[in-house]
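K.L.:
Each chain is listed here by its residues.
2 protein chains.
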Amino acid sequence: MKNKLGKQTLLFRQKPRIIGAYSIVGEKEGKGPMAQWFDTILDDDTYGEKTWEKSESKMLKQSLLIALQKSGKNKEDIDTVLSGDLINQLMSSSFMARDLALPFIGLYGACSTMAESLVLGSVLVDGGYAQNILAGASSHYCTAERQFRNPLEHGNQRPPSAQWTATASGAMVVSAKDKGDSVVAMGQEAKEIYVTHATIGKIIDTGIKDVNQMGAAMAPAAVDTIMRHFSDTGKKPDDYDIILTGDLGLIGKEIAVDLLKGANMDVTSVYDDCGAMLFDKNQDTHSGGSGCGCSAAIFAGYVYKQMRTGKIKNALLLSTGALLSTISPQQGESIPGIAHAVAVTTEGGGN
Amino acid sequence: MKNKLGKQTLLFRQKPRIIGAYSIVGEKEGKGPMAQWFDTILDDDTYGEKTWEKSESKMLKQSLLIALQKSGKNKEDIDTVLSGDLINQLMSSSFMARDLALPFIGLYGACSTMAESLVLGSVLVDGGYAQNILAGASSHYCTAERQFRNPLEHGNQRPPSAQWTATASGAMVVSAKDKGDSVVAMGQEAKEIYVTHATIGKIIDTGIKDVNQMGAAMAPAAVDTIMRHFSDTGKKPDDYDIILTGDLGLIGKEIAVDLLKGANMDVTSVYDDCGAMLFDKNQDTHSGGSGCGCSAAIFAGYVYKQMRTGKIKNALLLSTGALLSTISPQQGESIPGIAHAVAVTTEGGGN
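Just so you know, the sequences run in chain order B and G. For the first sequence, the positions run 15 to 365 when the numbering used here is used. For the second sequence, the positions run 15 to 365 when the numbering used here is used.
Because the hints were derived from the structure by calculation, they are not lab data. Possibly wrong hints are sitting among the right ones.
The list treats identical chains as interchangeable, and a pair is accepted whether it falls inside one copy or across any two copies.
To be verified - Pairs of lysine-lysine, PhoX-like flavour, derived with a Cα cap of 20 Å:
1. Lys89 with Lys191
2. Lys21 with Lys249
3. Lys327 with Lys250
4. Lys327 with Lys275
5. Lys87 with Lys325
6. Lys21 with Lys89
7. Lys250 with Lys275
8. Lys18 with Lys87
9. Lys84 with Lys295
10. Lys21 with Lys87
11. Lys64 with Lys191
12. Lys319 with Lys45
From just these sequences and the hints, can you work out the full model?
P.N.:
Printed below as a string of structure tokens:
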């Protein structure tokens, strides 16, 4: 296979470019330490809608449309939209895609969706099956609580290991190499961002059954994909300025670091986790953020902007998902974890 | 774009081959007119499991593993598994993928999933990102009724327009061109089956709000994708021996034929629908079959076997999905429909 490295890593020789991105978060997320990096912070998490599901779908639609606008492309230039969310039957994505009226691929990877959509979108562009794709993901605290845990009105207590589903969405436009057009869109100073590799993850399930221990359930999958990425590509952690998982949270992040150390891989100087970054400890979210929107907004906000200005040159982005269902724990099942990785760079656009 | 035709159609120049397939259905499906084409018919829809979800997941896992075995490949040869189902959070697929321990992409397209997984799997193989992929989908009458409608124990009546979610699963192995290996697996007489084109569908929502009118809700999306496929490729209906939607059911099939006639396209001589084919009228399923497994089992059973023996040379397979959620109708929303198409042929393996 000409575009595959090792067992699980895809190689994008045509270097598809991320030419536009947009992030939107809720009120609480907008008071956290990452606030400055998001394009829009809602002052009302209903976003003017009558149901939380419609609020989330509107955030996602907004993300895709403004990412598109920022890319300098038009709707007619988009070949395929790839998107997913946490709501049953992808309600946010399906109704967004109905309104956009573009070819649509629905994805479910729980919180791994942003990387999953970027991986497949990059494949379509790199392989010459699309000129431009839109990739996005969303989550909303109020839709997720109602669906996965308890309606907010119950006022349930949350254990210290619980994570807080982010009210957030992020989207990116991935485009085939087409010299000249991005200068118009971004100004001459902005760096081009290329997607170079993707590592498709396997499900790892270490037997954790506590649904309030998502970070612990997903950390081994993140570690497996990180290790596989390095063994497939021959790269080392310090080839990246940042390795970002999303969203193991504070507890899962520590577990991931420990597991990697046990495998003789020290990533501490470049490693962080979107769930750990999103909220401040005094915001009372316990183990940090989660949800498809968490890594989506941090990739499309923080990482994208830091790469555009040259502050980050090489990044490895992993979205992590807990692939349990609302009824699988009741049937005695443990929590399957998965992580997909995408490598992006501002260097080597020459070839 | 070198591998794109018109607005929505992908062109697979490397002609990825379908080298193995397997189908499994429940007891009722095994008494219908398509029974002879399925590899396995269950005599007990629990499949020996304690919950319906685990029964469905076991059917899906079995499908993928036996399709793999029939292809002559080993688990180690598979680069990526692409799969989806109707259960919330893709419970059948996630637990199947956990047991397979292979790189996994989860898809949600409601009943359009089999085509969705074949499209993306063919892209990975055609683009050189995978040597072999496994694509599959499943559904189960008892999991779907509990989740989308009412627990079976309620004994609810069903309106004449309702469809019967198939207890069924199908899977296929798509492989890069590698002359010689399929002869071993299939015997010299078997025809090679190539995937040549895919048309990624847009969501079409004509405002239907009756959740017992899924066929009517999906028919315009199927028609849109069929029309788009022909306009993108320049082909005509009689370039195909069979055009198969799945699963509009008896009512949706008639609507699709009418809409196509209205657009001056007569497909009647080659057209059928998996939902309309699966059950006999005297089986009391009303408008026919539905569910991801319906088109999956008919593609992987009937179509695959008829192509292997040369009875069908060119087929256009469309899986159709109704992308409503369990709560979207309660929020006043109509039903978004989608259809993805895959063109397969036994001819033209020469290039």
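K.L.:
Of the hints given before, which are not true for this structure?
P.N.:
Hints 4, 5, 9, 11 are the ones this structure does not satisfy, whereas the remaining hints hold.
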